[in-house]
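S.K.: These protein sequence lines map, in sequence, to chains A and B.
Counting in the numbering used here, the final residue of the first sequence is number 112, and the numbers go up one at a time with none missing.
Counting in the numbering used here, the final residue of the second sequence is number 121, and the numbers go up one at a time with none missing.
No lab work stands behind these hints, which were simulated from the structure alone.
Note that beta-carbon positions come from the ideal geometry of N, C-alpha and C, so glycine has one too.
Treat the hints loosely; a few may be bogus.
If you want the footprint, here are the derived chain A segments under chain B, 3+ residues with CB under 8 Å [said to hold, decoys possible]: (1) 39–47; (2) 50–58; (3) 89–98; (4) 101–109.
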Amino acid sequence: DIVMTQSPLSLPVTPGEPASISCRSSQSLLHSNGYNYLDWYLQKPGRSPQLLIYLSSNRASGVPDRFSGSASGTDFTLQISRVEAEDVGFYYCMQAIQIPYSFGQGTKLEIK
Amino acid sequence: EVQLLESGGDLVQPGGSLRLSCAASGFTFSSYAMNWVRQAPGKGLEWVSCIINSGTTTYYADSVKGRFTISRDNSHNTLLLQMNSLRAEDTAVYYCAKSAYHNTCYNMGVWGKGTTVTVSS
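Just chain A, with the same shape it has in the complex (with noise of 0.2 Å):
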């Protein structure tokens, strides 16, 4: 099964700063298509979670531009080009190129 790793676990963040969150997968999670099959979420707190971005660097529809997604072989890349208080919870991304799908540990967004 494919291990995916965050870090860091734990993220203290001003306003208006940026943010990076890093995810590495275990095994590679690039399709023949040329996409890598990773998706980021975020869990507000007390709510469902959310997807933010598909297939890597795909904003999902409603998402504001300051999240973006990269990739650069296993290592996973969501930054957050300024935070603001509505961005706190907990993002996880999540591997689908194979299954059983896996999640990252998740790291916990918070505000200074």
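Given the coordinates of chain A, work out where chain B should sit on it, guided by the hints.
M.R.: Chain B in isolation, oriented as in the chain A frame:
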């Protein structure tokens, strides 16, 4: 409005059974693959199972394979999860989530509010 509403969560004894339902509305249910994802108390997300739009193909996490069965009733826009031989480690909030595709399970853009399953004597 696209909505998913889970139900069926309960307190059940170890070794018992439970059936979860997820009622879908606001989209063509029969066109999309559907997932179950769970979250144990204070823990992260765990993908549990997926079924493609036709219901002919299903996938499971190793932790539930042989004990859980996912199915769907496209005529009633309902996703089901039959859970047998329940263990304490199955205690979690169970979410249903809609894929963006008919025959692959990722890109889960719509989630329900979840239903709570507690396995305890």
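S.K.: Next step is simple, just say for each hint if it's right about the structure.
M.R.: Status of each hint after checking the structure:
| no. | hint | result |
| --- | --- | --- |
| 1 | 39–47 | holds (count 3) |
| 2 | 50–58 | holds (count 4) |
| 3 | 89–98 | holds (count 4) |
| 4 | 101–109 | holds (count 6) |
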